[in-house]
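Here is how the chains run, residue by residue.
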Amino acid sequence: MDGTAPRKLKVATTSLAGCFGCHMSILDIDERLFALLEKVEFDRSPITDIKEVGECDLGIIEGGVCNAENVEVLREFRRRCKVLVALGACAVNGGLPAQRNTLSLPLILQEVYRSEPGARYGLIPNDPELPLPLNKVHPLHEVVRIDHFIPGCPPPADAIWKVLTGLLEGKEPALGHGLIHFD
Amino acid sequence: MNATFTLDGRPVAFSEGQTILQAAVAAGAYIPHLCFHPDFKPHGSCKVCTVKVGGRHAASCTTRATAGAVVESDTPELNAERLALVQMLFVEGNHFCPSCEKSGDCKLQATAYDLGMSTPHFDHFYPDRPVDASHPDMLLDFNRCILCSLCVRASRDVDGKNVFALAGRGIRTRLIANSRTGRLADTSFSHQDKAAHVCPVGVILHKRRGFETPFGTRVFDRKPISARADSTAEIAAVEADGS
Numbered sequence: 001m002d003g004t005a006p007r008k009l010k011v012a013t014t015s016l017a018g019c020f021g022c023h024m025s026i027l028d029i030d031e032r033l034f035a036l037l038e039k040v041e042f043d044r045s046p047i048t049d050i051k052e053v054g055e056c057d058l059g060i061i062e063g064g065v066c067n068a069e070n071v072e073v074l075r076e077f078r079r080r081c082k083v084l085v086a087l088g089a090c091a092v093n094g095g096l097p098a099q100r101n102t103l104s105l106p107l108i109l110q111e112v113y114r115s116e117p118g119a120r121y122g123l124i125p126n127d128p129e130l131p132l133p134l135n136k137v138h139p140l141h142e143v144v145r146i147d148h149f150i151p152g153c154p155p156p157a158d159a160i161w162k163v164l165t166g167l168l169e170g171k172e173p174a175l176g177h178g179l180i181h182f183d
Numbered sequence: 001m002n003a004t005f006t007l008d009g010r011p012v013a014f015s016e017g018q019t020i021l022q023a024a025v026a027a028g029a030y031i032p033h034l035c036f037h038p039d040f041k042p043h044g045s046c047k048v049c050t051v052k053v054g055g056r057h058a059a060s061c062t063t064r065a066t067a068g069a070v071v072e073s074d075t076p077e078l079n080a081e082r083l084a085l086v087q088m089l090f091v092e093g094n095h096f097c098p099s100c101e102k103s104g105d106c107k108l109q110a111t112a113y114d115l116g117m118s119t120p121h122f123d124h125f126y127p128d129r130p131v132d133a134s135h136p137d138m139l140l141d142f143n144r145c146i147l148c149s150l151c152v153r154a155s156r157d158v159d160g161k162n163v164f165a166l167a168g169r170g171i172r173t174r175l176i177a178n179s180r181t182g183r184l185a186d187t188s189f190s191h192q193d194k195a196a197h198v199c200p201v202g203v204i205l206h207k208r209r210g211f212e213t214p215f216g217t218r219v220f221d222r223k224p225i226s227a228r229a230d231s232t233a234e235i236a237a238v239e240a241d242g243s
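As you go down the protein sequences, you meet chains A and B in turn. No gaps in the numbering here: position 48 of the first sequence is 48 in my numbering, and each next residue is one more. No gaps in the numbering here: position 217 of the second sequence is 217 in my numbering, and each next residue is one more.
Just to be clear, a hint being listed does not mean it is correct.
[As the list claims (entries may be wrong)] Computed footprint of chain B on chain A, listed as stretches where at least three residues anywhere in the stretch have a Cβ under 8 Å from a Cβ of chain B: (1) 43-56; (2) 88-95; (3) 137-150.
Treat the hints as calculated values from the structure; they're not laboratory data. The C-beta atom is built at its ideal place from N, Cα and C for all residues, glycine as well.
Turn these sequences into a full structure, and let the hints steer you where they fit.
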């Protein structure tokens, strides 16, 4: 070794069909974030506000896949990140948004935008900038390969910490009782 | 009786006629299981209790204990198979734990935790299973049914009512309420029935009691299912409390 500090690992995070609760849980690792920042630097993430994901060692994704943009972002993360982590209930099994999966999409749009009460002469939004919703909401692993999963709604900060530090040390992360929960 | 078999190398005493799982539960040893309940005749359907007896796979709930049998249970191979079974149960139904009032007291969830399930792994079915809220005291949320048939057995064998049945075959098997309308309200079901207190998951629920126990103090928050001598009795105690 030439004595220089090891390269910081690049980490990107994003929220797809999620509520940012999992990102709040990331922030909840509190002052340990400073220790983390010794070893990693954030690429695309709500923390940095960088909009495009670069070449990264680790990608952390909250939320399931509910529209065309989610699919695009998820595939981009898979292409750019060596290791991909599904963070939280929605990323793992679709979560609350997936509870629409037993209803037909046209019916939902009618119900939300065309029925009383609400905008009297409402229209179903069709601006070309809006990503098209998918017929069903999917968890991440149904769209791309996922390397690690952290369940929970949201996952506890300690679970996120344990997986992140485990991955940084090159260990296979295991959560165990108290840290693994689905609610 | 002093006859014993070994479970993962440790001797377990049994009496004549007991199955491996019955003897293990009585001895306070843990073999993962979902459709088994010590009060009822074993059903042998979920296969989560599968062990190796003399090197061969067998459902421990329905396999008779024999003297000197060598039973393996807590092995990486068997736990991997159990994990796959539990993952299949998760994707076949709609198991959204954050919005389920049985969360924390659910044997499916606790078994998944214990097997280290961090993902359901398979593609989800997202089946369409409407709930039945017709009964004044009880709610049926079929989305979470794992077809263990404990309610069927309890209603038939203890309550003498036959309120529940498994209808259909294969992947189309489903739990039904036995009334001409198919509604629970049109059966003689009561919240005091044994069948109202045996569901290991969040299908048969007592109304007006949701989310009573704070997070951190529910049955499986406190201890993993494998560390509980009789999780079935503990869940039953939780269910009976206040009803």
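Going through the hints against the structure:
no.: 1; hint: 43-56; result: violated (count 0)
no.: 2; hint: 88-95; result: holds (count 5)
no.: 3; hint: 137-150; result: holds (count 8)
Figure legend: structure checked against the earlier numbered hints; the only hint not met is number 1.
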